[in-house]
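Chemist: Residue numbers (UniProt numbering), protein chains in the order written: chain L, 1 to 222; chain F, 1 to 236.
Everything labelled a hint here was simulated from the structure, so no lab data went into it.
Cβ atoms here follow ideal geometry from the backbone N, Cα and C, with glycine treated the same way.
Some clues are possibly wrong.
[As the list claims (entries may be wrong)] Pairwise CB distance ranges (calculated):
{"#": "1", "chain 1": "F", "residue 1": "T143", "chain 2": "L", "residue 2": "A208", "range": "38 to 44 angstroms"}
{"#": "2", "chain 1": "F", "residue 1": "K140", "chain 2": "L", "residue 2": "S191", "range": "26 to 32 angstroms"}
{"#": "3", "chain 1": "F", "residue 1": "T151", "chain 2": "L", "residue 2": "G82", "range": "38 to 44 angstroms"}
{"#": "4", "chain 1": "L", "residue 1": "S91", "chain 2": "F", "residue 2": "K140", "range": "35 to 41 angstroms"}
{"#": "5", "chain 1": "F", "residue 1": "Q81", "chain 2": "L", "residue 2": "Q101", "range": "26 to 32 angstroms"}
{"#": "6", "chain 1": "F", "residue 1": "R31", "chain 2": "L", "residue 2": "S91", "range": "52 to 58 angstroms"}
{"#": "7", "chain 1": "L", "residue 1": "R52", "chain 2": "F", "residue 2": "P63", "range": "34 to 40 angstroms"}
[Said to hold, decoys possible] Computed footprint of chain F on chain L, listed as stretches where at least three residues anywhere in the stretch have a Cβ under 8 angstroms from a Cβ of chain F:
{"#": "8", "segment": "77-85"}
{"#": "9", "segment": "90-101"}
{"#": "10", "segment": "193-205"}
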Amino acid sequence: MPIKWILHWQPNAGTTVNSQILAEVSQCAEGINGIKEGRWKATISFYRAMTREQANANEFPRDFLGISLAEQPGKYYLVLKGQRLVVEAESSIQMIMEKLQSYKTRVALNFEGNQYQLGDFQLRVGKVAPMQSESLRGIVMEMEYLPISSWEKSHQIMGEFFDLWQEALSKRSLPGHFVHIEPNFSEFGLSDQYTSQHTAVQYASIMAQTIATAQSVQPVRN
Amino acid sequence: MECVVQGIIETQHVEALEILLQGLCGVHRERLRIHELCLKSGPNLGLVASEVRLLCDLEQPEPTWTVRHIGGAMRGAGAEQLSVLVRTLAESKVSKNALRLFYSLGYKLDHELLRVGFAFHFQRGAQITVTVSSVNKMLKLHTTDEAVPVTPGIQLVEVTAPASSENYTEVVAAVSSFCEYLAPLLHLSKPGVSTGVVPTAAAAAASLMSDGDEDGDGDGKEVVWHILLSCGLLQY
Chain L
1 MPIKWILHWQ PNAGTTVNSQ ILAEVSQCAE GINGIKEGRW KATISFYRAM TREQANANEF
61 PRDFLGISLA EQPGKYYLVL KGQRLVVEAE SSIQMIMEKL QSYKTRVALN FEGNQYQLGD
121 FQLRVGKVAP MQSESLRGIV MEMEYLPISS WEKSHQIMGE FFDLWQEALS KRSLPGHFVH
181 IEPNFSEFGL SDQYTSQHTA VQYASIMAQT IATAQSVQPV RN
Chain F
1 MECVVQGIIE TQHVEALEIL LQGLCGVHRE RLRIHELCLK SGPNLGLVAS EVRLLCDLEQ
61 PEPTWTVRHI GGAMRGAGAE QLSVLVRTLA ESKVSKNALR LFYSLGYKLD HELLRVGFAF
121 HFQRGAQITV TVSSVNKMLK LHTTDEAVPV TPGIQLVEVT APASSENYTE VVAAVSSFCE
181 YLAPLLHLSK PGVSTGVVPT AAAAAASLMS DGDEDGDGDG KEVVWHILLS CGLLQY
């Protein structure tokens, strides 16, 4: 499976994210000859333990995520970041979790947008929005290099492309920049060969920052 | 959803049952070696207690894992009348660290079993699976190499078929009808309704095990037909 970097938008201190920035980022992808070729969507759900007593809730993990990815429509990924655990399951695991009633999803985020082809690279630019809402709370990107599946071997070329992308974007003087966090995949029991489980771990790794950005956005009033 | 019935058979008659099943199903049996871990939620987790099973298929070259949730049985006067249990069932294949995940979520191991035997999968009015297995317990945690039978000399037979709310009556009929063919050797009923072994089992098994190959094709199917005829389950 091709290597992918997940990038999240980090606003400058004192600023926030908005749809104008998203539009600029998309235009930048087109500006470097990215060919728009369709839409993509991922979803992250936050599971919370159900307990009879409020106090007991702290006994249970508070970082339990369920992730569905665009390229794996029949699969669902469960991540416990603190435990360095990622489990790949079928989508039916969501029904099992619902029937167990021990954990419920309180909040879910959608990541969706356009996809661009740039030679051997594929770029996805996505808006982060709460489920059932259109209001933009963040921006993520997926940067994929099709010819290589080895994380180590791809590092240099991915780094170079990332620098190229940052440079192109910097000409637009936007109040922020994209950040790439590299999780320690081996701690999750993942090998150098890239898989969708690696993608799920990357998404889990950007959640803290994504939530912080989302909370900084003024709520939309009707 | 699934339809399910269970029964028991003495280990000495399992070979005869296999011959009967081979004749009825027309497919080859598959070996079965499943490590089943039954997990229950810890004391403070959930508004109600919950239970989930992890099944590890040890017959595969690389062990494969499945999570299974068995739901409540269909209720009501109609359901009481059925000879087959209809219950909700949800399953998902999972990667191998699912057990660690559920432990981290607050589930505890309630018990574990090793089921060793064989299964037949075939189509007969519904997609039916018959499993015949000895149920074994492990003397030490997770040691599947050192498992001993829970009920020595007795094996569990289970007949299951997937169903939906639209077709469960047809599936129930298909399963019931198939179970009648096994009546000489064992009685199948809803899980939880125990009926013991069948008195005709020894005689039926003896007939099945004898060399009844009348037409010389080597499969002894004639024995199967004779048994079913003699029990009034088939007519000329």
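Chemist: It remains to establish, for every hint, whether it holds in the given structure.
Modeler: Right, here's what the structure says about each hint:
1. Between T143 (chain F) and A208 (chain L) the Cβ separation comes to about 41 angstroms, which falls inside the hinted range of 38 to 44 angstroms.
2. For K140 (chain F) paired with S191 (chain L), a C-beta distance near 31 angstroms keeps the hint of 26 to 32 angstroms intact.
3. Separation of T151 (chain F) from G82 (chain L) is about 43 angstroms and conforms to the stated range, judged on CB atoms against 38 to 44 angstroms.
4. Checked against the given bound of 35 to 41 angstroms, the beta carbons of S91 (chain L) and K140 (chain F), roughly 36 angstroms apart, stay inside it.
5. Here the CB-CB span from Q81 (chain F) to Q101 (chain L) is close to 30 angstroms, well matched to the stated 26 to 32 angstroms.
6. In this structure the hint that R31 (chain F) and S91 (chain L) lie 52 to 58 angstroms apart at CB is violated, the actual value being about 30 angstroms.
7. The hinted range of 34 to 40 angstroms is satisfied by R52 (chain L) and P63 (chain F), whose Cβ atoms lie roughly 36 angstroms apart.
8. Note: the segment 77-85 of chain L has 4 residues with beta-carbon separation from chain F under 8 angstroms; the three-residue rule is met and the coverage holds.
9. Given a C-beta distance limit of less than 8 angstroms, the hint that chain F covers the segment 90-101 of chain L holds, as 9 residues qualify and 3 suffice.
10. Residues of the segment 193-205 of chain L lying with their CB closer than 8 angstroms to a CB of chain F number 1, which falls below the three-residue condition for coverage.
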